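Number of protein chains: 2
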Amino acid sequence: MANVTPEMQLLCKEREKVSFSVEELTNILDGNKEETAIRRKVENVIANDTSMQHRNLNHMTREERFSEAMRRTLYALKVLLPREGWTPVGPEMKYLARAIKEFTFIIHAGVFIPCIMSYGTNEQIAKWFPLAADFRIIGTYAQTELGHGSFLRGLETIATYDRANQEFIINCPKITAMKWWPGDMGKSANHVLLMAELVIDGKKYGMHGFMVQIRDLTTHEPLPGVTVGDIGAKLSFESVDNGFLYLQNVRIPRENLLSKLSEVHPDGTYIKKGNQRLMYGSMVRVRVNLIAHEIVMPLAKACTIAVRYSAVRRQGLINPSKEEVPVLDYVAQQHKLLPQVATVFMAHFAAKQLVKMHHDYSLEVEKGNTSQLPELHALSAGMKACLSEQGAAGAEIVRRACGGHGYSCGSGLPFIVNRMLATCTYEGENTVMQLQCARYLIKCADQAKKDKLTGSVWYLSDFSNMSCTAQTFGDLQEPSVLVKLHERRAKCAVQHAGKKMQNMVKNGTPAHDAWNMMATLLINAARAHIMQYVVGTSVTYISELSCSASLKKILTQLCALYALHNINSNCGDFVKFGCLTSAQCDLAQEAEFNLLKQLRPDAVGIVDSFDFTDDILQSCLGAYDGNVYERLFEWAKQAPMNKTEVHQDSYQYLQPYLHEGRDVLEGRGRNSKL
Amino acid sequence: MANVTPEMQLLCKEREKVSFSVEELTNILDGNKEETAIRRKVENVIANDTSMQHRNLNHMTREERFSEAMRRTLYALKVLLPREGWTPVGPEMKYLARAIKEFTFIIHAGVFIPCIMSYGTNEQIAKWFPLAADFRIIGTYAQTELGHGSFLRGLETIATYDRANQEFIINCPKITAMKWWPGDMGKSANHVLLMAELVIDGKKYGMHGFMVQIRDLTTHEPLPGVTVGDIGAKLSFESVDNGFLYLQNVRIPRENLLSKLSEVHPDGTYIKKGNQRLMYGSMVRVRVNLIAHEIVMPLAKACTIAVRYSAVRRQGLINPSKEEVPVLDYVAQQHKLLPQVATVFMAHFAAKQLVKMHHDYSLEVEKGNTSQLPELHALSAGMKACLSEQGAAGAEIVRRACGGHGYSCGSGLPFIVNRMLATCTYEGENTVMQLQCARYLIKCADQAKKDKLTGSVWYLSDFSNMSCTAQTFGDLQEPSVLVKLHERRAKCAVQHAGKKMQNMVKNGTPAHDAWNMMATLLINAARAHIMQYVVGTSVTYISELSCSASLKKILTQLCALYALHNINSNCGDFVKFGCLTSAQCDLAQEAEFNLLKQLRPDAVGIVDSFDFTDDILQSCLGAYDGNVYERLFEWAKQAPMNKTEVHQDSYQYLQPYLHEGRDVLEGRGRNSKL
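As they're listed, the protein sequences go chains F and C. In short: position in the first sequence from 1, add 5, done, that's this note's numbering. In short: position in the second sequence from 1, add 5, done, that's this note's numbering.
FYI, nobody ran anything at the bench for these hints, they're computed from the structure. Where hints are given, some of them may not hold.
It does not matter which identical chain is meant; a pair holds if it fits inside one copy or across any two.
[To be verified] As a list, the in silico BS3-like pairs of lysine-lysine whose alpha-carbon atoms are at most 30 Å apart:
#1 Lys106 / Lys648
#2 Lys448 / Lys327
#3 Lys457 / Lys38
#4 Lys642 / Lys106
#5 Lys209 / Lys327
#6 Lys504 / Lys46
#7 Lys83 / Lys132
#8 Lys38 / Lys372
#9 Lys179 / Lys602
#10 Lys209 / Lys278
#11 Lys511 / Lys457
#12 Lys99 / Lys278
#13 Lys642 / Lys457
#14 Lys558 / Lys505
#15 Lys602 / Lys455
#16 Lys179 / Lys209
#17 Lys38 / Lys504
#18 Lys277 / Lys448
#19 Lys327 / Lys511
#20 Lys558 / Lys455
These figures come from a predicted structure and were not determined experimentally.
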């Protein structure tokens, strides 16, 4: 791979025409120059540590990937970190996940430990946290059951208090009560933070968290009464041992009820302590954080791969008398890729704002104030749902835009897409999340009839003029116009769903049935709310950003593209609700086409700013130098199927028939066959 | 798995309330009772033949799946067929693919052999066909190159005529000219039907088909000058050896140019023979046939799984004072599943009509008449693109509607979805197909200004009143209204794109640039055209069908649901173009909700009519008896990760740290650790 191929030349030329400083944009995405430097240092250390390298994941079995992820994760945490002097609270930690690629203990580190901190007393934290933080116990958070997901009250596992022994007896009364799905549970964990119904003297007290040891500390064998294992192959997450756990008369000491919010005295007295709302805090936190790591980052990777590849893949003619063009010159291709690139930025800005809001909330919680929880819950649930939906759809669009090679694992795209699809389901199934967001919106819209609202729903009590006065496509690229349009559409969508339900109730339908029947309108309202939030916060963020004029121009264009793509993809709503006329819809399309044209020359520069190393991207199509075809060929040659020229396992079946063919073609006659 | 679980009871109850004869619907889908009987016989023979069984595909490596598919395919064709007395032209053949599940030689049987028949002289057919039909040679069709896909003129492989030796010398001049992707090529094929640029005395004569032997007939090793292998892992098709093929100075005899349409005389004289349009026939044929096998059938499987599972999966409350309900009772869930069920039927009816049209065309071709090719090409290209898009999206919607368990390979859904995604790319990338369809439509719309059109585009010259007079949601369930609406929308979409381009050209934009800039409108026009075709042909098919009244009612409802779901998902177009008012859009939504409600009680019966055996479905969620949870547990226990209680490979890394934890928890102190 020494010579400069035509593809490499094309990518060089693309980079020559970029109108802004890629490095400046990278710094903005990272936060500032210093953060970029820390991130690069971490990525560099990991890329250059031979123990952190792995074979091609696509050529490994699930079991090999699982063991390999375990090896690398433990090496990173227990060897590399201390060696580099990086501490768990240091600035390097947040870049580890990006650098390590496939790693494990996501639930142990991301849910089990935080839950100990949230639900445990100081004494419990003092006992369990140091062990967990140091990986001297491995734990997981066991809530979901084989037969029960989002509906918490439906969970069947019970913890019965045995006063005589001061123990809880844990049982899964039926097969459907078996814990199912928790990551790290199948083979790694020796403890679980188990959610179970607390029962004292036959009385139910609702869901509580219990620390349950499930494997022997010396042999790692399951303890008596514990049936535990891996739930089998999934669409992705090959390296994670999502598990099942069936508990029969497993006894744990009374002290293992995590007792920050409620406790059971030795005599069986049940005491509630503190604000029960704190129970929801950890779910909100997980959703807030997953947007950056599991939606924005993988979508940015997918866009990097697809844009670079589209800049070097030449196919077909635009002008019949000229040469073949890079597919990125096709407007249809730009229309697939650039709105997804724009989504990366706007989701990033909106997620930043949500993280800030969550941070402010956490400070308030410490003062005992949880009044912001309903808004934060609605926003984080809705945003997780809508952005995971947009992100997964976007990644699939760009994968498909890479044609046949996008279907090859060598592109790196199948891995990204299949993993992103999970974000639509885990940590709150999207439809459930959208309906919870909608419930908040309907309540607020009702309140807006009397009160002026503030915060993320302020626009529901904004009664200013509804009509859009845009007369040219240029008018429709104005940030203020785009924000207004999104607010109006969201308000109409919420009001429309609310009104429909009211009418049904007026006509005698029970409210819960009306809610069910109007579910798709409610989901639409939640989506509209989140889109206006993303557009609104992004516009504010960009306008307040201090950066070069050339960069501000690009970001403003990307923001307008995101907004216009939303409008054009949902123009039914905008027209039906009277936010746009048919003629204005036409202008909105023109405005989007115009932005595609303006952004085209900077496309490669924009994805370069995401600053993914080739080592992190793991893509033959997306590498920085554009040498796509030689890389694909080299990658293919390593496939296990190519270990030998003749694949003996399959050839044994084929050989007798092919030798018959030989005899005919070489005129040997059937009798001479081997 | 002996007891009747609550889930099994639920499915029994669903079946009690079905309002029509499931068997009658099955017969209609198969064609008639006799066809159903033949299909069941084939499925039965294969399900009960121990040699046709296989281990769980999800627990096998790609290499094992490849060898296993080879074994089973050859066994079926060479042992089972003759034993059962089934011949290659018998009625059983078309059901083999459905029954065998994972098989190989799709390209050998589906493209290589038909291409020999299409492009070969009688003499060539006599030589190659019997060998290929009998699997005594294995061939593939090698067109796509590493650097070149849909744009045929861009292909770089050349076949230079060597007069002295009466041979062609085949070369891939660059790495980008390497053949890439052909199925069965990597490890199985010993011949390829190679598409290459014919060169005689330095003059280029365009793409021609050559029979090229690539592997030794005795050893199966690649011949000198041949570099061949597998292209590596893909999103699906684990059992297929899609291959690469790099040819350097490979010589083949002059007779190996397939010469039905053109030949090269010994002295190098090039002669065109017959209608060159016949070249396109085989691509059309492949697209026509893949709709039934690769879109309708897998989508039907996915719907069967998701509907049955949704009928037994209980989660959450609709009425807060009642019990948990099956998720199929949620309108949001019905709105995800039932339109996909409807798509199965309408795509099936439309595909039937397309197959008939192709059959009629084939008869005309035999008389030398290829005048129907442009229409057939546009329709088959557009339909392949639009239905593969709808099908793949629909399968993913129903997969996601199964929540977490839909992400497990045990559901069978990841396998179906990932395979269906390929249909969007292979046999003509969808965007390219849609634009080819649009080019035909724009041409027809132009012609419609002067002439009355017939056939599938007749509506472009229909100038009757545009407005819809529907006043109730019932009006919008009328088949004739729905057909009209789709025709009007399609006509407007085609005209809109055409007018936009005309204006640009008038203002000085070159026509090819206008085409490029309006690509997304043209794609929209192609989609609109296909939707009207599917709705129109389905309405006609159902109205002409002789069947019981209860069944006709169901089919009419499904057809209306398909049409209304299209309208509501694209209502921007319908409103913008003045086909519907805002108020009518509201009615269209109500009409869709109403149909969901009407179809809900028959949902399980409808998917039962697809008549997939558990053996074919390979799904823990979709089995006929509804015993979802025990099946998932049994399936998970078989996972390779669960072979031992302690997964030693990974535990070796974890053990030292866990033993530290043990020492702390058991109070041994750090010094006593193992």
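Results for each hint:
1. Lys106 / Lys648: For Lys106 and Lys648, both the intra-copy (26 Å) and inter-copy (27 Å) Cα distances are at most 30 Å.
2. Lys448 / Lys327: between (60 Å within a copy, 24 Å between copies)
3. Lys457 / Lys38: neither (41 Å within a copy, 67 Å between copies)
4. Lys642 / Lys106: both (23 Å within a copy, 29 Å between copies)
5. Lys209 / Lys327: Only across copies: Lys209 and Lys327 sit 19 Å apart there, 77 Å inside one copy, limit 30 Å.
6. Lys504 / Lys46: Neither, since 55 Å and 56 Å both go past 30 Å.
7. Lys83 / Lys132: Within one copy only: 21 Å inside, 67 Å across.
8. Lys38 / Lys372: For Lys38 and Lys372, the Cα distance exceeds 30 Å both inside one copy (34 Å) and across copies (74 Å).
9. Lys179 / Lys602: neither (60 Å within a copy, 33 Å between copies)
10. Lys209 / Lys278: within (17 Å within a copy, 86 Å between copies)
11. Lys511 / Lys457: Close inside one copy (26 Å), not across copies (52 Å); limit 30 Å.
12. Lys99 / Lys278: Answer is neither: 34 Å inside a copy and 68 Å across each miss the 30 Å cutoff.
13. Lys642 / Lys457: neither (66 Å within a copy, 57 Å between copies)
14. Lys558 / Lys505: between (42 Å within a copy, 29 Å between copies)
15. Lys602 / Lys455: neither (46 Å within a copy, 36 Å between copies)
16. Lys179 / Lys209: For Lys179 and Lys209, the Cα distance is within 30 Å only inside one copy (18 Å; across copies 74 Å).
17. Lys38 / Lys504: neither (50 Å within a copy, 50 Å between copies)
18. Lys277 / Lys448: Cα proximity of Lys277 and Lys448: one copy only (29 Å, versus 75 Å across).
19. Lys327 / Lys511: For Lys327 and Lys511, the Cα distance is within 30 Å only across copies (22 Å; inside one copy 67 Å).
20. Lys558 / Lys455: neither (41 Å within a copy, 48 Å between copies)
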